[in-house]
Amino acid sequence: MVTDLADWLKDRNLLTKLIQQQLLRAQQRMKHQADSKRSEREFSVGDMVYLKLQPHIQTSVADRSNYKLSFRYYGPYKVLQQIGAVAYKLDLHPESHIHLVVHVSLRKQHVPPQLSVSTDLSSVASDASEPAAPLLILDRQLKLCGGSAMPRLLVHWNSVSQFQTWEDETDLRCCFPDAPAWGQAAL
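Read in order, the letters of the sequence shown correspond to residues 30 to 216 in my numbering.
Simulated from the structure, these hints should not be mistaken for lab results.
Each hint should be verified, as a subset may be incorrect.
[To be verified] Cβ-Cβ distance ranges computed for the label pairs, FRET-style:
1) Asn95 <-> Glu124: 19 to 25 angstroms
2) Gly176 <-> His61: 39 to 45 angstroms
3) Gly176 <-> His128: 47 to 53 angstroms
4) Val115 <-> Thr32: 53 to 59 angstroms
5) Met179 <-> Glu69: 55 to 61 angstroms
6) Leu183 <-> Val130: 52 to 58 angstroms
7) Phe205 <-> Gln62: 50 to 56 angstroms
8) Pro141 <-> Leu171: 35 to 41 angstroms
[What the hints assert, rightly or not] Here are the simulated lysine-lysine pairs, DSS-like style, with alpha carbons at most 30 angstroms apart:
9) Lys107 <-> Lys118
10) Lys66 <-> Lys97
11) Lys97 <-> Lys118
12) Lys137 <-> Lys66
13) Lys107 <-> Lys137
14) Lys137 <-> Lys118
15) Lys107 <-> Lys97
16) Lys60 <-> Lys137
17) Lys60 <-> Lys81
18) Lys66 <-> Lys118
19) Lys81 <-> Lys66
20) Lys46 <-> Lys81
21) Lys97 <-> Lys137
22) Lys81 <-> Lys97
23) Lys118 <-> Lys60
24) Lys66 <-> Lys107
25) Lys60 <-> Lys46
26) Lys137 <-> Lys81
27) Lys81 <-> Lys118
Every residue, glycine too, gets a C-beta built ideally from N, C-alpha and C.
Construct the entire structure; sequences and hints are all you get.
Written out as structure tokens, the structure reads:
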């Protein structure tokens, strides 16, 4: 009977080690999966960052009638101080009811716009008195838009910079009725 107890304890220890090994493997798999979606973020004092807020907290920053459609990130706010490795103190509005120290995962770097985009093509032309006009239609393609195919044209514009853009044919014909046909130069 003593040998049966010894065998049983031996089997039990072996089974316990096997279960611990499987649990460790599962833990490592979950950690690897979670780490693959993480990004290391680090901010300096003076950086501008956006703050991610939950819908029930957003009322102290900006009041919305519908929280489902409200913004996820607010700001930008200035980083005042780094507290520890993952916490930062932000320069929030005094009337906001949010703690000033926030975890790094609730922030996103503010990237200021470097280039202003202009929809006015005349600003790209070499001569300000002469607005941009299509000079040559280089290519044509069909673009699927809502289940129908819309024709698009690759237009070479009359400017010193020699730029080309893809334009919807209907918009181009509407704005420039004298636009050249495909493969032809304007007179």
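Distance restraint between Lys137 and Lys66, which requires alpha-carbon spacing of 30 angstroms or less: 15 angstroms, holds
Assessment of proposed distance window 19 to 25 angstroms (beta carbons of Asn95, Glu124): 22 angstroms, holds
Given pair status - Lys81, Lys60, alpha carbons within 30 angstroms: 24 angstroms, holds
Pairwise hint evaluation, Lys66 against Lys81, where the allowed Cα distance is 30 angstroms at most: At roughly 17 angstroms apart (the allowed maximum being 30 angstroms), Lys66 and Lys81 satisfy the hint.
Given pair status - Lys118, Lys66, alpha carbons within 30 angstroms: It holds: about 25 angstroms lies between the C-alpha atoms, which stays within 30 angstroms.
Lys46 paired with Lys81 [C-alpha distance capped at 30 angstroms]: Status violated; Cα separation ~43 angstroms.
Given pair status - Lys118, Lys107, alpha carbons within 30 angstroms: Distance ~9 angstroms between Lys107 and Lys118 Cα, so the pair holds.
Range hint 50 to 56 angstroms (beta carbons of Phe205 and Gln62) holds or violated: 54 angstroms, holds
Val130 and Leu183 - C-beta distance against the hinted 52 to 58 angstroms: For Val130 against Leu183, whose Cβ atoms are near 53 angstroms apart, the range 52 to 58 angstroms holds.
30 angstroms limit on alpha-carbon distance, applied to hinted pair Lys60 and Lys46: Satisfied, since the Cα-Cα distance of roughly 21 angstroms is no more than 30 angstroms.
Restraint check for Lys97 with Lys137, where alpha carbons must lie at most 30 angstroms apart: The hint holds at about 20 angstroms.
Agreement of Lys81 and Lys97 with the hint, judged by alpha carbon distance not exceeding 30 angstroms: OK: Lys81 and Lys97 at ~14 angstroms, within 30 angstroms.
Violated hints, listed in ascending order, are 5, 20; each of the other numbered hints is respected by the structure.
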